[in-house]
Amino acid sequence: MQDVQKKIREEARNLLAARKVDLVIGFEKGTIPCRTSPVFVHKEDDVGKLVWNSFCEMNLATYLTKIDKNKKVAVVAKGCDSRSIVALLVEGQVKREKITVIGIPCQGMVDRRKIERKVEGEILEAEEENGKILVKGSSFEKVFKKEDYLYSSCRVCKHRNPSIYDILIGEKVKENTQVDEYADVIEYEKKSPDERWQYFEKEIGRCIRCYACRQACPTCYCEECFVDSSNPKWIDKGVDLSDLAIWHIIRAYHQAGRCVDCGSCERACPMQINLRFLTRKINKEVKDYFNFEAGLDPATPPPLATFSVEDRQDFIDSGEGVKETKL
Amino acid sequence: MKKISKKEMNKFIQSLMADYTILAPVNIEGIFFFKPVADFQGIDGEYKNSKKPPKEVFFPQTETMFKYKDGKVESTEKVKGKRILLGVRPCDARANLLLDNVFAGEDYEDIYYTNKRENTIIIGLACNEPSSTCFCSSFGGGPFSKEGLDILLIDIKDSYLVDTVTDKGGKILTGEFKEATDKEVKLAEKIKNEAEKKIKSRIRIEGIKEKLDAMFDDPFWDELSERCIGCGICSYLCPTCHCFDIQDEAKNSQGRRVRNWDSCMFPLFTLQASGHNPRPTGKERMRQRIMHKFNYFVENYKEVACVGCGRCIINCPVNIDIRKVLKKILTI
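Residue numbers (the numbering used here), protein chains in the order written: chain A, 1 to 327; chain B, 1001 to 1332.
Partner residues are not named here, just some residues of chain B that face chain A (Cβ under 8 Å, in silico):
| id | residue |
| --- | --- |
| 1 | G1232 |
| 2 | L1237 |
| 3 | I1313 |
| 4 | N1315 |
Hint data in this document are derived by calculation from the structure and do not stem from the laboratory. This one's a predicted model, so the numbers in the text were calculated from it and none came from an experiment. Cβ atoms here follow ideal geometry from the backbone N, Cα and C, with glycine treated the same way.
One chain only, chain A, in its complex shape:
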């Protein structure tokens, strides 16, 4: 961890000194335990702010569509961040020559809420050492094994190594190819429509429409989100269940073939809504139908943005009921 951090600082310094980039986006120490904060480093003197640990949970690719696109930017990228960069490249949202990817093979990020639930009282200090997280409060000191407390998105991640990078820091890690990434989606699919609706309602019913999920998501970059359109007004602005439901369903649909399942939406959500269950259901559909996973290859457009005559068409209703179409 310390080595990676040191190298991030070195690379950032070199890039800024050689004027190869205008700024480096990375992580700095948070103001509260178990947190980091994204940091924009413009000057060589500030590279010391950059840190690397198991709390670097934000997907920094989200900033690439928010900043001045003429700027040359270096971005610290975990596996998922790099996949989001690829997704943005494929969709023409960022220019490859403007971006320097500082790739970091990732061993998963720690879900601070999981640790918080295991201690009595507030965590006042947290440290990390050799795969262990040490936390201290006013009346406790506890050690947790990092790999037992990863975010659920990290637990099912099969792409820990960056899919693209200009600089790679640290050794590539072994990919977790054996994990059954859609086990819970399959369980969900087995439920009755009523049960599925109940679960959906329980989760999204507490949404406050702060749009943190949208803002944290690198692939939610529409200049005008459909919820913000006032002419026409597609949906109402309040927290009535029907409006919440439409927001969450459309948000998930818009991610089809684009979501890299970084989990940023869920981490940003203050209401701890299981936001990934919908996007992952759609990811699974895209994988089943098109054998496609977003963010792995800058040369392959997402399935819903392209067309091939070999595409399956059996879902098209010709008006005579659904039937298999053979080409």
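Starting from the known structure of chain A, fit chain B onto it as the hints suggest.
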């Protein structure tokens, strides 16, 4: 001073149920919400504070102002019956007083808000264990502050010591309340002193407004807004933020006028019909949020629109810490 044993609390609450709806902190999968309770089982030991501030009891996130159908209009401004809001933290009670400036001030009375305020009794719960993100004492509040409360409960293990703040609060006390012993009063005093010492975060607020007076065009706002992703968490979870948007929801000859929370962090907040947006980027929006709380509000009401509850610090997805922001402003 009076006291009530925790065992008797349910009896007391039950006796109020005939006349009041009781809203208390309810733990839903680790998140606390103020919700109506039918059976009071005591306040959950894990309760620090509610996720959404209790402002929503007076100023709901989505509120129907009136409904109409086939030419007939029905006003929905009045709440039905009286309410008791139980377990409110002192910071949030102070926040309600700040909101009164806006919704129940000299210039304007918002009847939707004042009706709910008048029909609600607030029973506070002192903070024996403030969090590291609490900084209420910087703004004249404190973990045992009584401002804005009708009754303050102090947890002394098996009982609550009861500090009756207003007549409105005093009137609901029942036979379950006994006189507290000197020992219990002293214990409460000790807990109070310890709690106050636990608040380590302190912000110097003097001079912030004057600094901000001269900072409208400062490059500081560029730097501050860089990492902000532009969500509405800080404003929606803030107990003093109060901006709203009024919308008409209509279908054929029926519909309603609705007031929804809005946030100055959203581009749509200031987007004009012409397409022009006077706050086009995150920089202007972030500046507005800080200016409103620590400059414009002070200008209008002589008080800072922050009570130090720490919700924005805990919940910001990118860890923008208002304490750090304020400290930085003082150095400019």
